[in-house]
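Q: Starting from the given sequences, assemble the full structure and let the hints guide the process.
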Amino acid sequence: MSSTQSPVRSASRAGDDEQRGTAIAVDHLVKTYTSDHGDAHPRAVDDVSLAIEYGEFFTLLGPSGCGKTTTLRSIAGLEKPDSGEIELAGQVVYSSRSRINLPSDRRRIGMVFQSYAIWPHMSVFENAAFPLRVEPRGRRRSERAIREAVEEALEVVELTPFALRGATQLSGGQQQRLALARAMVAHPQVMLLDEPLSNLDAKLRDSMRVELKRLQARSGFTAVYVTHDQTEALAMSTRIAVMNAGVIQQVDSPRAIYEHPANAFVAGFIGRMNFLTAKVLAVSENGEDGVELTVDAGVGVPVRARSAQRRSLDEEVTLCVRPEGIGLLPPRESSTGHARGTVLSVQFLGESTEYIIRVRETTLIIRAEASVRFERGGEVDVEFALGGTWVVGR
Amino acid sequence: MTLLQDPTPRLPDRTGGIQIVSPPRPGKRSFGPAILLVLASAIAMLLLSLLGVVVVMAFSTSGLSGPFTLDNFVDLFRSTSALNALGNTLVYVIVATATSLVVGVPAAWIVERTDLPGKSVVYGVFVIGVLIPGFFTAMGWLFMFHPKSGIINQILVDAFALSGAPFNIVSMPAMGFVQGLSLASVVFAMTCTTFRTMDVALEDAARASGATFLGQLRRVTLPLAWPSILAATLYVAIIAFGAFDVPAIIGLSAREFTFSTFLYFNVNPQAGMPKYGLVAAFSTFMILAGILLSWAYSRVLKRGNRYRVVTGKNYKPTTVGLGRWVWAAWGFLGLYFLVSKVMPLVAVMWTALLPYLQPPSPEALASISLANLTGLPWKLMLDAALNTAIVVIAVPTLAMLYSAILSWVVIRSKYRFRAVYDYVAFIPHAVPTLILGVGALLLALFVVPQQLRLYGSVTLLAIVMSLVMVSFGTRMTNSGLIQIHPELEEAAAVSGAGTFTTLRRVLVPLLRPTLTNGWLWIAILTFRELTVPLILFSPANMTLAVAVWTLWSGGLQGQAAMITVLMLLAVTPLALLYLRLTRNRGGAL
Numbered sequence: 000m001s002s003t004q005s006p007v008r009s010a011s012r013a014g015d016d017e018q019r020g021t022a023i024a025v026d027h028l029v030k031t032y033t034s035d036h037g038d039a040h041p042r043a044v045d046d047v048s049l050a051i052e053y054g055e056f057f058t059l060l061g062p063s064g065c066g067k068t069t070t071l072r073s074i075a076g077l078e079k080p081d082s083g084e085i086e087l088a089g090q091v092v093y094s095s096r097s098r099i100n101l102p103s104d105r106r107r108i109g110m111v112f113q114s115y116a117i118w119p120h121m122s123v124f125e126n127a128a129f130p131l132r133v134e135p136r137g138r139r140r141s142e143r144a145i146r147e148a149v150e151e152a153l154e155v156v157e158l159t160p161f162a163l164r165g166a167t168q169l170s171g172g173q174q175q176r177l178a179l180a181r182a183m184v185a186h187p188q189v190m191l192l193d194e195p196l197s198n199l200d201a202k203l204r205d206s207m208r209v210e211l212k213r214l215q216a217r218s219g220f221t222a223v224y225v226t227h228d229q230t231e232a233l234a235m236s237t238r239i240a241v242m243n244a245g246v247i248q249q250v251d252s253p254r255a256i257y258e259h260p261a262n263a264f265v266a267g268f269i270g271r272m273n274f275l276t277a278k279v280l281a282v283s284e285n286g287e288d289g290v291e292l293t294v295d296a297g298v299g300v301p302v303r304a305r306s307a308q309r310r311s312l313d314e315e316v317t318l319c320v321r322p323e324g325i326g327l328l329p330p331r332e333s334s335t336g337h338a339r340g341t342v343l344s345v346q347f348l349g350e351s352t353e354y355i356i357r358v359r360e361t362t363l364i365i366r367a368e369a370s371v372r373f374e375r376g377g378e379v380d381v382e383f384a385l386g387g388t389w390v391v392g393r
Numbered sequence: 000m001t002l003l004q005d006p007t008p009r010l011p012d013r014t015g016g017i018q019i020v021s022p023p024r025p026g027k028r029s030f031g032p033a034i035l036l037v038l039a040s041a042i043a044m045l046l047l048s049l050l051g052v053v054v055v056m057a058f059s060t061s062g063l064s065g066p067f068t069l070d071n072f073v074d075l076f077r078s079t080s081a082l083n084a085l086g087n088t089l090v091y092v093i094v095a096t097a098t099s100l101v102v103g104v105p106a107a108w109i110v111e112r113t114d115l116p117g118k119s120v121v122y123g124v125f126v127i128g129v130l131i132p133g134f135f136t137a138m139g140w141l142f143m144f145h146p147k148s149g150i151i152n153q154i155l156v157d158a159f160a161l162s163g164a165p166f167n168i169v170s171m172p173a174m175g176f177v178q179g180l181s182l183a184s185v186v187f188a189m190t191c192t193t194f195r196t197m198d199v200a201l202e203d204a205a206r207a208s209g210a211t212f213l214g215q216l217r218r219v220t221l222p223l224a225w226p227s228i229l230a231a232t233l234y235v236a237i238i239a240f241g242a243f244d245v246p247a248i249i250g251l252s253a254r255e256f257t258f259s260t261f262l263y264f265n266v267n268p269q270a271g272m273p274k275y276g277l278v279a280a281f282s283t284f285m286i287l288a289g290i291l292l293s294w295a296y297s298r299v300l301k302r303g304n305r306y307r308v309v310t311g312k313n314y315k316p317t318t319v320g321l322g323r324w325v326w327a328a329w330g331f332l333g334l335y336f337l338v339s340k341v342m343p344l345v346a347v348m349w350t351a352l353l354p355y356l357q358p359p360s361p362e363a364l365a366s367i368s369l370a371n372l373t374g375l376p377w378k379l380m381l382d383a384a385l386n387t388a389i390v391v392i393a394v395p396t397l398a399m400l401y402s403a404i405l406s407w408v409v410i411r412s413k414y415r416f417r418a419v420y421d422y423v424a425f426i427p428h429a430v431p432t433l434i435l436g437v438g439a440l441l442l443a444l445f446v447v448p449q450q451l452r453l454y455g456s457v458t459l460l461a462i463v464m465s466l467v468m469v470s471f472g473t474r475m476t477n478s479g480l481i482q483i484h485p486e487l488e489e490a491a492a493v494s495g496a497g498t499f500t501t502l503r504r505v506l507v508p509l510l511r512p513t514l515t516n517g518w519l520w521i522a523i524l525t526f527r528e529l530t531v532p533l534i535l536f537s538p539a540n541m542t543l544a545v546a547v548w549t550l551w552s553g554g555l556q557g558q559a560a561m562i563t564v565l566m567l568l569a570v571t572p573l574a575l576l577y578l579r580l581t582r583n584r585g586g587a588l
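Chains L and U are the protein sequences, given in the same order. Residue numbers for the first sequence, in numbering that gives the first Met the number 0: 0 to 393. Residue numbers for the second sequence, in numbering that gives the first Met the number 0: 0 to 588.
If you're looking for bench data, these hints aren't it; they were derived computationally from the structure. Mixed in with the good hints, there may be bad ones.
[To be verified] One-sided excerpt, in silico: chain L residues whose CB lies under 7 Å from chain U:
1) A75
2) L77
3) S103
4) D104
5) I108
6) M110
7) W118
8) P130
9) V133
Source: prediction; values computed, not measured. We treat Cβ as the ideally placed atom computed from N, Cα and C, and that holds for glycine.
A: Written out as C-alpha cells, the structure reads:
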C-alpha cells in the first residue's frame, strides 16, 4: 500500500477543483510506547499502511486502545512514531529512514480534538483567527484579510452572531462548531478529526454528523476521522479502516465492511452478529461476491453462505449471520430447509422486535419487524437467507 | 522521542509534483523544546551544585581543594554536642509532627465535611497561619513561657505562690509543640483536599450497610484518607526536620541545639574559626536522611493514587449536621487559634511597647511607649527594608520562571529523563534549607572567583532563595499545568504555532492565575524567610528578618518585637490579596 506519485496541483485552496491522487500516505508506521520504567509495551501501532485519496472521508474505527488515535496523532505530528513514513499532499512529513520529522505547526493541517480545545482566554473570533495570526511573517495576511476569512469560517458553522463572545460562553455543540471553524479557516488540505462527536449528547451528535458531511462537501477537504462508534463510521465515511491491537483489519467501503467483514473481529465490531461454528459441506464457484458455500452450522439444516476466500471441503469456518438476516416463520409440519427453534425471550423495541431463539445447541439473536409476533416458549421456523449469511475463517 | 536527535529535515527525494506546502527551510526546525530542556538542566545543575559542594567539603581537610579524608566524620562521631543535636532533632520532629496531625486532620474534616458556620474564616486563618513568620510565634511563646521572665509564668507564680515556673518553653518537646502548631496549617491544607474530593457514596454505603457514624469514620473515612494523612505526616516531618526559626529563637541562647541550630552555630561560632568540615559532614548525613524521607513520601503518594478517592464527576458535597456539637467544633478550632495565633501576637505586641519584658501591671501600663520604635537604628533598618524589597520582588519572579520551565519539562515534554527534574525540584524541600545555604556559602567562598563579589551580596541571596523556592513554585506550576488540557496546546501546534508562540499565546495566558498566585505566595514566604539570609548574612545584604535576629541576639528584645510587628503589618495586605485571589480554595500551601 505504498503511496502513489502525487499529481501536479495548483496552489489554490482545496476544493476549488477536483483533485485526484493520494492526499495522505502512511507507510509501515510503527509506534511503541514505553512506560516510565522503560519496559516496552506491545505496539500501539503495528505496521500500519494507508493511502487516502483527496476528498475522501476516511474513518479509523476500532475499540479504545486499538491505535487509531495514535495513528491520527502521528499524522498530525503530535506523536513521533518509531518507524515508517508519512506523506501529506505529496510532502514527506515523517520518515524514519530519511530522519525527517516535521513539527505539527509546519504540516499545514486542520485538526478537531475530542475536548474541542477551545482556548478559554480568547473570544470566539480570536479562537478562529489563531491559525491565520500565527502564519509565518512572510505569508501572514493583512488584518482585513484575516477578518474576512474568519467571518467566512464562522458563517459556515453558523456562529457569526457569537463572534465577539468569550469562548467559554458557548455550549458544547457551539464549541464543537468553533473548533471546526478554527480547523478550516486556513483551508488546509487535510482535516484530522479525533472523536469530535463523542462528548456531545445523542441528539446533537446526529445533527453534527450531517453538519460535518455538509462542511466537507462544501470545503472539499480530505478528512481523517477517528471514532469508536460504528454508526458514525458507517454513516459518514467513504472508506473505513477497522483497527484492532494496532493492526488494520480491513479497509473498505462502509457497505462492504458491514456485509462482507474480513474476519470475525470486524464482523463482531460492526453491528451485532451471530457467530456459529460451521463445517464446509459443498463449494460452488458462482457469484461476484466470492465463493458460495453450503455449510453445516449445527442447526439441523444445511445453510448457504458466501465467503470472500476459497474454502476447502470439511474446513472448519465461522458462519456470521446478522440478527436481521434471519427470518422467522410460523412452524409448519413439512418445513424443508428451515431450522426449528424455540423462543427463549421476546423484547419489543418499537420499530422491531428482538427474539432470542434456541436452535438445537445454538442460541441466535434475531431482529424481526414489529409485525412479526411469536410468544415466549413457542416454536418457530428459522430461515437463513443467502444475503444474510457470511463465512470467515476460524 | 527527543527532537534533539533529529537532523534538519531534508526535502524528500521522492516527491512527484509541485509542492503546495512550502518546503521546510533548513535550520528552521523546532528548537523550542530543546531550549527549555537546556534551561531546566541549568537550573537543576545549580541546585545540585549547592548539595555537591557540601558533600565534597565533607571529605576534604581544609577548604575544597584539600586531600580526601574521613577526619570530618571522625570528628562528627566524637562530638557529643553533634550527637545530642541529633537526638534533640528526633524529639523535636516527633512532637512537632504529632501536634500538627492532632490539630490539622480534625480541623480539615470539620471544615470540609460538616455544616460548621464560618468555614471561610477557618480556612483564612489557617492560610494566614502559614504566612506568619516562624520567628514571630517563637518570640511570642518565649515571652509568655520563658522559665524566668515569661509573662504567663510570672502571673502564675504570683497568683498561686509557686516556687518555680510551671512551664518551660526552652525544651525540645515544647519547641516541637510550637513548631507543630504552625505546621498544623500544612496538614490542614493537605488533608482538606482529600476530605473534599472523597466520594460521599462510599461513606453512605457504609451507613447503609449498618455502620454507626463512628464506625463509618473508623472503617471507611479514615482508611480512605489514610494515604494522604500519611503523606502529610512525612511532608511536615521533613519541614520540622530542617526548621530553623523556632529552635533558633527559643533554644539557641540556651545551647539547646537541633540539627539546624547546631549547623548555624558552627558556621558562625562565637569564638574560633567556622567548622565547615564538621558542618559538611553532618549535612551529608542529613542530605541522606532528607532524601530517604522524601523517597518514602513519594512512595506514599504513588500508593495513594491507587485509592483514587477523587471522582470528579457528579460530586455533590454532603455534610454532617453538627447540631449541638457545633460548640465543640468551634471550641476546638477557637482554642487552636487562641493558643497558636492570638496569644503569641498579643505577647509580641505587648513586648514591643515595653522597655523590658514584664507581666501586665499598673507600672507596666504606665511604661508603655513607642521608645522601641523611635530608638530603632533607622539607617540600618532602611537598608534592610531596601534589601528586603529587592529580594521580595526578584525571588518570586525568578522562582516562578524556574518553576514554569521545570514543570513544562516534567509535565509536557516527552524526554525520557523528565521525571528527574521533578525530583531535583523537590530537593529544597527534602534537604534542610540551611544546608543549601551552607552550600551557597561554600560556593561563594571557595569556588566562584572573588572578583565577582558574590559573597555577601544581595544577588547571591536572591539567586539562592529563588532556587530554594523552586520546590514551592513547581508544586503550583505542576498542578496548574496538569489542569490545562494538553489538547489546548496541540490545537495551537496544528494551527501552525511554534513552541514559543504556543507558550506565549496559549500556555502562559492560561497559566496566569497560577503564576500570579504562586508569585504572591513566594513573595510572602521570601519576606519572612530567615534561614537563608542569615546563613549568607553580610552587612551588605541584611534583610528585615535578619535585622530582627541581630537585635534579638543582641538582647534588644523589645526592638526585635517592634520590627516584627511592623513586618506583620506590611505583609498583611499581601496576605489578604492572596486570600482574595484564591477564595475558591485553590490555596497553594
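Q: Of the hints stated earlier, which fail here?
A: none
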